[in-house]
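S.K.: These protein sequences, in sequence, are chains A and B. Here my numbering is used: position 351 in the first sequence is 1058, and no number is missing along the way. Here my numbering is used: position 287 in the second sequence is 388, and no number is missing along the way.
None of these hints come from the bench; they were simulated from the model. One should not assume that every hint holds.
To be verified - If you want the footprint, here are the derived chain A segments under chain B, 3+ residues with CB under 8 Å:
(1) 726 to 735
(2) 749 to 763
(3) 897 to 908
Keep in mind the model is a prediction, meaning the values are calculated, not measured. Ideal placement from N, C-alpha and C gives every residue a C-beta, glycine not left out.
Listed here are the chains, written in short residue letters.
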Amino acid sequence: MNLRDPQERLFLLLAIFIGLFSGSAVVCFRVVIEWVRIALLGSALRPDPLRTVLVPTVAGLVIGLLVAYVFPFARGSGVNQTKAALYIYDGYIAFPTVVGKFLTSSLAIGSGHSLGPEDPSLQIGAGLASTVARGLKLSRDKVRLIAPLGAAAGLSAAFNSPIAAVLFVIEEVIGRWSAGVLGAVILSAAAGVVSAQWFLGGAPLFRVPAVAFVHPAELLGYAALGIIGGLAAVLFLKIVLAARPRLFAAPRAVRVAQPALAGLAIGTVGLWFPQVMGAGYETVDQAVHGQFTWQLLATLAALKLVATALSFSTGTPGGLFAPTLFMGAMLGGAVGGLQRTLLPELTGPVGVYALVGMGTLFAGILRAPMTSVFMILELTGNYTIILPVMVSNTIAYLVSRNLQPVPIFDALSRQEGLDLPSMEEQRDLAVLRVEDAMRPWAGTILPVTATVSQVMELSGGEALVLLGGDGLRWHAVRREQLRRLAEEGQQQRTAADAENRLAHLHPDQPLESALRLLRDSPVLPVVHRADFGQLVGVVALEDVLRAYRADRRSADRGPAAEVRAGALKSR
Amino acid sequence: MGAALLGLLGLLLLLTGTLAGAYREKEHELAAEWSERGEAALVDGHAPEAVEAFRTALAYARGDERLSLRLAQALLAAGRSEDARSYLLTLWERRPGDGVVNLELARLALADGRLEEAVAYYQGAVHGVWDEDPERRRREARHELVALWLGRGRKDQAAAELIAIAAALPPQARQHARVGRLFLAAGEPARAGDVFSRALELDARNPDALLGAGEAAFRLGDDRRARTYLQRAREAGAEGASNLLETVTIVSRIDPYVPRLSSAERRRRARQALTVVKDRIERCPASSAAPEATWTERLQALQARAERGNQLTDPEFVEDAMTLVFDVVTGTQACARSTPGDEALSVVEKRRGGLSP
Chain A
708 MNLRDPQERL FLLLAIFIGL FSGSAVVCFR VVIEWVRIAL LGSALRPDPL RTVLVPTVAG
768 LVIGLLVAYV FPFARGSGVN QTKAALYIYD GYIAFPTVVG KFLTSSLAIG SGHSLGPEDP
828 SLQIGAGLAS TVARGLKLSR DKVRLIAPLG AAAGLSAAFN SPIAAVLFVI EEVIGRWSAG
888 VLGAVILSAA AGVVSAQWFL GGAPLFRVPA VAFVHPAELL GYAALGIIGG LAAVLFLKIV
948 LAARPRLFAA PRAVRVAQPA LAGLAIGTVG LWFPQVMGAG YETVDQAVHG QFTWQLLATL
1008 AALKLVATAL SFSTGTPGGL FAPTLFMGAM LGGAVGGLQR TLLPELTGPV GVYALVGMGT
1068 LFAGILRAPM TSVFMILELT GNYTIILPVM VSNTIAYLVS RNLQPVPIFD ALSRQEGLDL
1128 PSMEEQRDLA VLRVEDAMRP WAGTILPVTA TVSQVMELSG GEALVLLGGD GLRWHAVRRE
1188 QLRRLAEEGQ QQRTAADAEN RLAHLHPDQP LESALRLLRD SPVLPVVHRA DFGQLVGVVA
1248 LEDVLRAYRA DRRSADRGPA AEVRAGALKS R
Chain B
102 MGAALLGLLG LLLLLTGTLA GAYREKEHEL AAEWSERGEA ALVDGHAPEA VEAFRTALAY
162 ARGDERLSLR LAQALLAAGR SEDARSYLLT LWERRPGDGV VNLELARLAL ADGRLEEAVA
222 YYQGAVHGVW DEDPERRRRE ARHELVALWL GRGRKDQAAA ELIAIAAALP PQARQHARVG
282 RLFLAAGEPA RAGDVFSRAL ELDARNPDAL LGAGEAAFRL GDDRRARTYL QRAREAGAEG
342 ASNLLETVTI VSRIDPYVPR LSSAERRRRA RQALTVVKDR IERCPASSAA PEATWTERLQ
402 ALQARAERGN QLTDPEFVED AMTLVFDVVT GTQACARSTP GDEALSVVEK RRGGLSP
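Whole structure, please, built from the sequences with the hints as guidance.
M.R.: If you want it as structure tokens, here you go:
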């Protein structure tokens, strides 16, 4: 980003503006969810039985009707929809979709459906940013850039954690670290948090107790939590990915009723376990304070998994962040509690396991490993647990990746027939380098000072001769060019003058830089970084293409490619 | 267009501010309502309901430290000390100098037998910040620390804390009497006497102070002064004053080791001691090591010597009589009662052994 450019400076100002705009909208969203909850379920943490069953059921019916007939693009979490807007519709998100997302998600979460407000906040933020950009008649490129700014602002305002929001948008939505966007995303996320803190106060999402890491041997316990968390994440993903297409394939009337049926099921569970209803932050808070037995924690984790799978698979608008944190806190607490029973000397407070568990499930289900680590640190403000968080999150991420190769957002978009770029796959793509394509130079290398006649004499009829070795410049001279010069009587002319100087490459440079430099040159010299006169090899266009073809063949055989092929076939 | 968008942002901020303000107000109302319910439930002794109510209140007043503390206290009242500890530790992290939090954590640590931790938290409470009546709350915390030390036989530590308490006592006889009583428990009768004297300066008819002053004087071996205080205490209606006065009176009659007594008086007191110990021999079963028959025979022989001889003809009488008395006291320790006679025998034995009674 060039700050001398007035356009770029204006863009940064716009990022702050977008952040304030989206952040304020998300504050309204959070407040409305709470109003809806109090109005429908009452102010008690344990609502009365009749409301517990009726409210999510009736609200589910209303949501089903709204999503089917009024706001068809409001269903789902919002992350995929934002990505789709970015990669398919040039950053366009219709304003009615934003309104629909706001209304239906508020009703769903406020009435006790097992979903969270963070992912919808991301879409609301992106949608408002897109609307503003269109209002300002910005270029298509800028509109595409502005939507992620709104997404970051929305997420940071919902979570009160700007670092996690920036990382998530980079990891999941934009997919690359670009200096041009990063500064604007950070500014926007910061502005989003400022507006949230301005209106709702700076209290963290959870009140975290004093936590400590007891003994290095305890890392084994956190490794166990990583494995269990990874398996739980896979179970959740498999249920959602199996149930969703089947439920979506039902006739429209049945689809309309699905959120109501999910609400009925959740309300029934809520009669005995009201903790599973809604976003569940209060219950997470209790878990990190070690308020439950490990048996109850395990039960709540299992019930929340089923309840969230039900809510999400039926297309009820709402996000996965909060339920994921809930499941993680309960599962972490359960594992910690069990370990404390078996190995009391080596196990720290159950609350620490609950905290670590949140990140573990986040890494396993949402597959944003960097976000999962920084989010926990940001939410807790405690860096002493960084080691357990890293161990557990990494293991859960690896377990989840191995057993469910395609991340949930990618799999969901492919189920909907959209082939959005998979950020995880992009991260996994091995970058081809010049050394993967270069070959040794078998021909003659002559000094750049050699004359036309010398070159013709010494090169022995080769079609192409390299001139160089003085460490300053390289030239490639074709035989026919030399012959033409000789016919013109310029035998004593320096052969190097007949051709432009060649650009050179180094073995570790990305292969795409060779493509950019090759242009009309028949070959490019690949030289040593410390000695430009030392030729390591050469690269020609056909070498580059051969390397890309070889890489493409291996990529086409990967598991993700098979899933993608299957999804496209089913369209 | 830019101006329109700025205007739109202004409108949105206004709307957000209004909505958030209204919600914050509602949150305050709900927090207050649930907090009141919690307080009422605590007063009614319904701790589980109080826990639920405070928890709900806290959901509407995130980060409210008073509510967190009340929730922790409700959890303690409900017997959920582990749960309470977690909340208290969170509060302690934020306010390590808070007196109430330190005191509650000290009590929890003490209940769990973690003495060092308990002492550290008690110290935190003693030197901590208290919102209401800080002097009294700090003093009460120190009193709990004194009780901790006394409960573990660490009288020196208890005395050190008591000295600090005594230095800043309010001008109330009752408070002085309480501290004096604890000084006595910590084996500091001289300091106790000083504090009781101060209490009597404040209220000359305070029954606790009179009783304590009498006991302190008695422990210091000043039986005459003790009797004076105890008589006044009995007149003031102090509970236990009569018994202690009787004990002091008996000790005054039977203790032959008081300095500056004539030989005849020593002999007379030794004979009185034999009379008191006779009752003990008849009441208590003899142990195999010291058969009752032997004590009875020795008692009869000594009584006969008392009848026959005098100080000049039997100068060993006092020592022999008191040896029997101490043998019986030691041998029948298990059956000793808190009667003035038995108490008096113990006191004399302790004084003889150089111990404070």
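S.K.: Now tell me if each hint is right for this structure.
M.R.: We went through each hint and held it up to the structure:
no. : hint       : result
1   : 726 to 735 : holds (count 6)
2   : 749 to 763 : holds (count 4)
3   : 897 to 908 : holds (count 4)
Going through the hint list in order, the structure satisfies each hint without exception.
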